[in-house]
Amino acid sequence: MSLSRREFLGLLGATALAGAFPIRSAFAGAQPHVVIIGGGVGGATTAKYLRLMDANLKVTVIEKNPIYIRPYGSTEVLTGHIGMDDLHVTYDALKSKYGVNVIIDEVTGFDPDKRNVSLKGGRKVSYDKLVVSPGIELLYDKIPGYSFEVAESKITSGWIPGKQTALLGEQLKAMPQGGTFLMVAPPAPYRCPPGPYERPALVAEWCQKHNPTAKVIIGDPKDEFVTDQTMMLGWNRLYGFNIPQKFRKDMPASVEIKQHSNPGILSWIPKADGGTPVSLDVEKMTLKTEGGDIKADVINIVPPMRAGKIATAMGLTDEKGWCPNNRKTFESSLHPHVHVIGDACHADAMPKSGFSANTQAKSVARAIVEALAGREIPTPSWENTCYALAGSDYGLFVADVFELAEAENKIKRVGKFSRYLKLDATPAQIRMGAVYQQAWLKSFTEDCFA
Amino acid sequence: MKLNTILLPLLLVSCIGTVQADEKKAVEKVAKAVEAKTVEAKAPAADSVSKDELREMIRELIQEEMANLQPTSNTDSKPVAPAHAAKAGEILAHTCAGCHGTNGTLENEAFMPLAGMPEQEFVKTMLDFRDGARQSTLMGTVANGLSEQQIRDMARYFMEVSP
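Line by line, the protein sequences give chains A and B. Residue numbering for the first sequence follows the numbering used here, beginning at 1 and increasing consecutively. Residue numbering for the second sequence follows the numbering used here, beginning at 1 and increasing consecutively.
Bound-form chain A, shown alone:
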């Protein structure tokens, strides 16, 4: 047909229809429409806070999965502390309590000039402002021999939780006595900085009870990691890990460090010692590293990653695979009226974490509300707290407050305190860290989704 739907809409004339149809506001555009692609932590928080800040906004979340499976805390499924169902989060509260429209569908088209997105189900959704919170895409193929198919069936990743998380839990339980669990850590930047070190720690704790002669090995393409000293202190006290001199030398004398004469259950092979993965032999269950072959009974790999697929498809990523933006508003440098938040975006000092995405979501919600009201956008503020466990009663963290350096378009850390648990933290503080980690899983999920 020669008359397009949009031409048709223009022909009707928005003002002519105002006052006649119950759907007049959508035609007239009196109620601005903010559309959010991605119903994870970033997207859900944006939707909730937009409606809290301005009840007159129309807010629509487009998400392909009807249930969100939270990645934070998902390692606890492996050790049987929780079940897969405990990771499930619904969109019920977003819909009923906050009046957010949730569309379960996939985005298949994007017209930045006309400001609409097309959905697989055939629908087209127009927006005044678009927020994209797509999470990550795992690049399995960056490790030769590895692939999504392998990850789904034999050598899991589970960094985006789901079927692989459950499979990894089963593999751990089925591991022969004295077997080897190999964890392959990713290169930076990656989602959840302490995660690839918390997971083997909790696996080691589980093995102490159920498979005491097992070995847990971490192969790493890096020589240091976020929370390294405090995590290593936990490993040292719980799993017979001897802390390398490099990490011990600036620890105060008051810090209790054990020296183990026999190697413990957990070991870490940094890049300098050949820990970088080279290729995977799936049949032989062997990882080739720069330092030699490691054969294991269970292998878990966190591959390199980049911004979620939809961000790449929409042309929102740069040559590094992440989304460049204005740090004050998180508006894309590549498409106006599109804001990208969470793991997918460049955010300088802010780690790729759920907490970062949550505070970015709130600052972006505020920026959008102010932009639509024609007011000046206030100075944003962000925070991040990643709680992590070295054992189920051994908590630690990285915590930061961030500020905008507007002239440089950079996000910087504020404050002079250590970002980490104090090296000489008392047993009570360490125990409280674990209590807070568990409480945080609940309060954080509520702040995002409920």
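None of these hints come from the bench; they were simulated from the model. For each residue, glycine too, the CB sits at the ideal point set by N, CA and C. Among the hints, a few may not be true.
What the hints assert, rightly or not - Derived BS3-like pairs: lysine-lysine, alpha-carbon spacing no greater than 27 Å straight-line:
{"id": "1", "chain 1": "A", "residue 1": "K295", "chain 2": "A", "residue 2": "K309"}
{"id": "2", "chain 1": "A", "residue 1": "K124", "chain 2": "A", "residue 2": "K95"}
{"id": "3", "chain 1": "A", "residue 1": "K422", "chain 2": "B", "residue 2": "K124"}
{"id": "4", "chain 1": "B", "residue 1": "K87", "chain 2": "A", "residue 2": "K97"}
{"id": "5", "chain 1": "A", "residue 1": "K163", "chain 2": "A", "residue 2": "K328"}
{"id": "6", "chain 1": "A", "residue 1": "K215", "chain 2": "A", "residue 2": "K173"}
{"id": "7", "chain 1": "A", "residue 1": "K120", "chain 2": "A", "residue 2": "K64"}
{"id": "8", "chain 1": "A", "residue 1": "K154", "chain 2": "A", "residue 2": "K258"}
{"id": "9", "chain 1": "B", "residue 1": "K87", "chain 2": "A", "residue 2": "K410"}
{"id": "10", "chain 1": "A", "residue 1": "K258", "chain 2": "A", "residue 2": "K215"}
{"id": "11", "chain 1": "A", "residue 1": "K422", "chain 2": "A", "residue 2": "K309"}
{"id": "12", "chain 1": "A", "residue 1": "K163", "chain 2": "B", "residue 2": "K87"}
{"id": "13", "chain 1": "A", "residue 1": "K222", "chain 2": "A", "residue 2": "K154"}
{"id": "14", "chain 1": "A", "residue 1": "K328", "chain 2": "B", "residue 2": "K87"}
{"id": "15", "chain 1": "A", "residue 1": "K412", "chain 2": "B", "residue 2": "K87"}
{"id": "16", "chain 1": "A", "residue 1": "K320", "chain 2": "A", "residue 2": "K271"}
{"id": "17", "chain 1": "A", "residue 1": "K309", "chain 2": "A", "residue 2": "K95"}
{"id": "18", "chain 1": "A", "residue 1": "K295", "chain 2": "A", "residue 2": "K142"}
Unchecked claim - Restraint ranges, calculated between C-beta atoms of paired labels, are given here:
{"id": "19", "chain 1": "A", "residue 1": "T90", "chain 2": "B", "residue 2": "G116", "range": "48 to 58 Å"}
{"id": "20", "chain 1": "B", "residue 1": "D131", "chain 2": "A", "residue 2": "D281", "range": "55 to 65 Å"}
{"id": "21", "chain 1": "B", "residue 1": "K124", "chain 2": "A", "residue 2": "P187", "range": "39 to 49 Å"}
{"id": "22", "chain 1": "A", "residue 1": "G178", "chain 2": "B", "residue 2": "G132", "range": "46 to 56 Å"}
{"id": "23", "chain 1": "A", "residue 1": "K258", "chain 2": "B", "residue 2": "A110", "range": "24 to 34 Å"}
{"id": "24", "chain 1": "B", "residue 1": "S162", "chain 2": "A", "residue 2": "P176", "range": "17 to 27 Å"}
{"id": "25", "chain 1": "A", "residue 1": "R431", "chain 2": "B", "residue 2": "G116", "range": "22 to 32 Å"}
{"id": "26", "chain 1": "A", "residue 1": "G315", "chain 2": "B", "residue 2": "H84", "range": "15 to 25 Å"}
{"id": "27", "chain 1": "A", "residue 1": "M84", "chain 2": "B", "residue 2": "G116", "range": "34 to 44 Å"}
To be verified - Sample of chain A residues with no beta-carbon within 12 Å of chain B, all distances over it, derived:
{"id": "28", "residue": "A166"}
{"id": "29", "residue": "K249"}
{"id": "30", "residue": "T276"}
{"id": "31", "residue": "D293"}
{"id": "32", "residue": "A313"}
{"id": "33", "residue": "A373"}
{"id": "34", "residue": "E376"}
{"id": "35", "residue": "E403"}
{"id": "36", "residue": "R419"}
{"id": "37", "residue": "E446"}
Based on these hints, arrange chain B on the given structure of chain A.
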């Protein structure tokens, strides 16, 4: 066939189900406006649109726009008031919510609820964390990233939230 001869009856038909009796005048107004628009646009290409196609287009458009509306949104005739600008301390206060609950309201025993906390209690506690006078796990780190003015603004914000 001219577009307006198809368009007007179709539009009216599609309106009947949704328009109240006292809005008949408005519908007539719309019909006239559409007629005027159509004449104005002359729409030479529109001659090729069949009746069925046009009906389908109207149906799809209405469905699409209905889908864009949130179920509980303000679709009544209340005037749309602009949202309030952020209160002092609000932007900072929202960074606490990941642990302390949305607006500091929390039904979780592990973290301190902040909603309704007396201003001076909040300020003293945070300054003590910041200056190391009070031991903590991570609140010292967080408080150290905030200025005294920021802490005072947050205190006022939380005090005014009903717990």
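How the hints compare with the structure:
no.	hint	in the structure
1	A:K295 / A:K309	violated (32 Å)
2	A:K124 / A:K95	holds (20 Å)
3	A:K422 / B:K124	holds (22 Å)
4	B:K87 / A:K97	holds (23 Å)
5	A:K163 / A:K328	violated (37 Å)
6	A:K215 / A:K173	holds (14 Å)
7	A:K120 / A:K64	holds (10 Å)
8	A:K154 / A:K258	violated (37 Å)
9	B:K87 / A:K410	holds (25 Å)
10	A:K258 / A:K215	holds (19 Å)
11	A:K422 / A:K309	violated (39 Å)
12	A:K163 / B:K87	violated (44 Å)
13	A:K222 / A:K154	holds (25 Å)
14	A:K328 / B:K87	holds (18 Å)
15	A:K412 / B:K87	holds (24 Å)
16	A:K320 / A:K271	holds (22 Å)
17	A:K309 / A:K95	holds (26 Å)
18	A:K295 / A:K142	holds (20 Å)
19	A:T90 / B:G116: 48 to 58 Å	violated (29 Å)
20	B:D131 / A:D281: 55 to 65 Å	holds (56 Å)
21	B:K124 / A:P187: 39 to 49 Å	holds (45 Å)
22	A:G178 / B:G132: 46 to 56 Å	holds (47 Å)
23	A:K258 / B:A110: 24 to 34 Å	holds (30 Å)
24	B:S162 / A:P176: 17 to 27 Å	violated (58 Å)
25	A:R431 / B:G116: 22 to 32 Å	holds (29 Å)
26	A:G315 / B:H84: 15 to 25 Å	violated (35 Å)
27	A:M84 / B:G116: 34 to 44 Å	holds (38 Å)
28	A166	holds (27 Å)
29	K249	holds (23 Å)
30	T276	holds (32 Å)
31	D293	holds (41 Å)
32	A313	holds (22 Å)
33	A373	violated (5 Å)
34	E376	violated (9 Å)
35	E403	violated (8 Å)
36	R419	violated (6 Å)
37	E446	violated (7 Å)
Consistency with the previously given hints fails for numbers 1, 5, 8, 11, 12, 19, 24, 26, 33, 34, 35, 36 and 37, ordered from lowest to highest.
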